[in-house]
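Let's have the full structure, built from the sequences with the hints guiding it.
Sequences listed follow chains A and B, in order. When the letters of the first sequence are read in order and numbered with the numbering used here, they come out as residues 34 to 451. When the letters of the second sequence are read in order and numbered with the numbering used here, they come out as residues 21 to 170.
No wet-lab data here; the hints were simulated from the structure. Don't take each hint at face value.
[Unchecked claim] As a list, the in silico SDA-like pairs of lysine to any residue whose alpha-carbon atoms are at most 20 Å apart: (1) Lys446(A) x Pro39(B); (2) Lys415(A) x His62(B); (3) Lys37(B) x Gly384(A); (4) Lys367(A) x Ser96(B); (5) Lys415(A) x Gly81(B); (6) Lys283(A) x His235(A); (7) Lys446(A) x Gln29(B); (8) Lys62(A) x Glu141(B).
[Stated by the list, open to error] Reference listing, derived: stretches of chain A covered by chain B, where coverage requires no fewer than 3 residues with Cβ under 8 Å from a Cβ of chain B: (9) 351-362; (10) 392-406.
For each residue, glycine too, the CB sits at the ideal point set by N, CA and C.
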Amino acid sequence: MEMTARRTEEKFQFNPHQYRGDFPILGEKVHGKQLIYLDNAATTQKPIQVIDAISDYYRHYNANVHRAIHKLGETATEAFENSRKTIARFISAPSEKQVIFTRGTTEAINLVASGWGRKFIGAGDEIILSEMEHHSNLIPWQLLAKEVGAKLKFIPFKEDGTIDFPVYETLLSSHTKLVTITHMSNVFGTINPVIRIVQMAHDRGIPVLFDAAQSVPHLPVNVEHLNCDFFAFSGHKMLGPTGIGILYAKSQILENMNPYQGGGEMISSVWFEEATWNEIPHKFEAGTPNIAGAIGMAKAVEYLENVGMVNLTLYEQELTTHGLEKMAEIPGMKIYGAAPERGGIISFNLGDIHPHDLSHFLDQQGIAVRAGHHCAQPVMRKLNIAATTRVSFYFYNTKEEIDSFVDQLKKAKEFFAY
Amino acid sequence: MEDLRDLYQEVILDHNKNPRNFHKMDRATKVLDSQNPLCGDHYTLFLLLEDDVIKDISFEGSGCAISKASASLMSSILKGKSRKEAEELFQLFHQVVTGEIDPVEHLEELGKLAAFAGVSEFPARVKCAILAWHTMHEALNEETDSFSTE
Ligand SMILES: Cc1ncc(COP(=O)(O)O)c(C=O)c1O
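Written out as structure tokens, the structure reads:
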């Protein structure tokens with residue numbers, strides 16, 4: 034492992050300091066200490082370019098979209114629709130019409146469960162998920178299954194935090210109507226074998242949804258290449274603002290789906306008793322959208338394109354390898370998950386220190402980490418633990434920050450050893 | 021490290037490492053479930069109530085240092101106390117950890133509980149400190165036999 038890391042280092046240079054200056058918050062002090070932000074899987078920090086893009090919209094061309102025949106309305110509409118194009122380009126969507134603005138990953142998945150699931154999933158049908166899903170890719174399906182009388186089937190995860198692929202094969206049947214699984218686990222960092230998952234499902238004519246909340250921010254993604262049917266992610270985990278996210282889906286599927294919410298914008302003609310639907314994507318975007326959010330998210334995408342997603346991924350791999358090595362040196366360290374294909378998310382427990390005590394200790398040193406069940410209570414239950422502490426990296430983090438974090442872990446151990 | 025010392029007083033670190041009355045009680049008259057699903061903290065409290073007096077009290081379970089030490093100290097302090105005295109201590113403790121009163125003015129009544137004064141500086145941890153106490157309070161008021169903070 035060390036060898037590969039060294040070799041990458043030689044041929045590949047990435048300087049996070051080139052970007053850190055763009056993030057005003059990284060200069061903040063917390064409890065009098067320099068902030069070290071290692072909670073990027075929860076949400077990432079925002080560069081000044083994104084903050085300015087949002088502020089510019091409100092300062093200079095705030096207006097509602099798609100409705101006004103005045104200059105500001107036109108400018109806002111153009112910026113909003115250009116944002117859709119930028120995001121479509123980022124994930125290599127064949128058309129921006131397949132890119133639907135939502136509140137985030139959670140709403141995107143609920144949209145599919147409601148608009149597609151209610152129409153195409155019925156009594157006795159089965160939905161395949163994995164055991165490592167975030168609650169947002171679990172509860173919508175529980176609700177749907179209860180409503181229509183469908184069943185949920187779970188691909189187990191193994192000791193190393195990877196899915197049990199052979200079991201997946203056995204779960205697929207003529208009853209299966211959907212496979213819905215996380216692209217990258219927010220607990221283990223595991224990158225799931227998405228191409229093989231899709232191939233096996235498509236061989237049987239079954240559509241696939243990927244919860245891409247953790248993957249899109251950290252990996253180069255091409256939805257045509259993945260060939261998935263639905264794809265959901267959030268702006269705030271990739272430098273963008275909160276309250277904005279994306280559902281991508283195949284055109285034919287979107288055309289056949291029912292609307293999600295009713296209201297303005299999503300209609301074509303309305304009578305007192307009935308209405309016809311607008312074209313995709315507008316059919317799924319009822320009401321005034323989060324215009325500033327879309328503009329901010331597109332700016333975030335441009336920022337990431339400028340960094341280069343391949344560079345970013347390689348650098349984050351270096352950080353992760355470094356973190357894993359340093360952390361593993363501490364006696365009493367238990368790291369959950371050891372997938373060969375993984376992103377920069379490390380869940381762990383240190384001796385018998387409770388994650389809340391540990392994260393509290395680290396917070397006092399200015400180090401922000403996450404402690405808890407990470408919206409994956411069934412995962413914790415299967416691991417037979419109440420919680421973990423989790424660190425998650427982004428390209429603006431440095432090896433020095435990780436070293437400081439590891440030093441503080443050692444200090445915490447002494448402190449709580451009382 | 022000063023601030024942290026303020027929260028994690030030696031008394032707290034000690035009661036976390038070596039919790040008192042940390043066992044099951046077969047003759048308990050009340051067995052109470054005390055949990056915070058959000059953190060995964062989960063304790064069972066055992067109470068032996070006789071004529072409005074807490075004859076014996078113990079607990080089991082796991083959670084963070086603050087919640088465990090609090091349950092442990094509570095069990096030491098409430099043993100032998102009347103229902104009324106226990107309720108008064110709960111009110112006092114509650115006001116101290118939420119920062120409503122200055123613990124310095126109540127050092128005598130608080131005794132070792134004063135170690136939790138630092139909690140008021142950390143709103144996220146108030147729930148941890150109050151968890152077992154809350155369960156006790158609810159039980160003594162006989163509103164329910166189980167309480168969980170949401
Ligand atoms: C894997 C995964 N899926 C879904 C979500 C939900 O995202 P959001 O809260 O932005 O809707 C998250 C983040 O919390 C996540 O990590």
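Verification of the supplied hints:
no. : hint                  : result
1   : Lys446(A) x Pro39(B)  : holds (19 Å)
2   : Lys415(A) x His62(B)  : holds (17 Å)
3   : Lys37(B) x Gly384(A)  : holds (13 Å)
4   : Lys367(A) x Ser96(B)  : violated (34 Å)
5   : Lys415(A) x Gly81(B)  : holds (18 Å)
6   : Lys283(A) x His235(A) : holds (13 Å)
7   : Lys446(A) x Gln29(B)  : holds (16 Å)
8   : Lys62(A) x Glu141(B)  : holds (18 Å)
9   : 351-362               : violated (count 0)
10  : 392-406               : holds (count 5)
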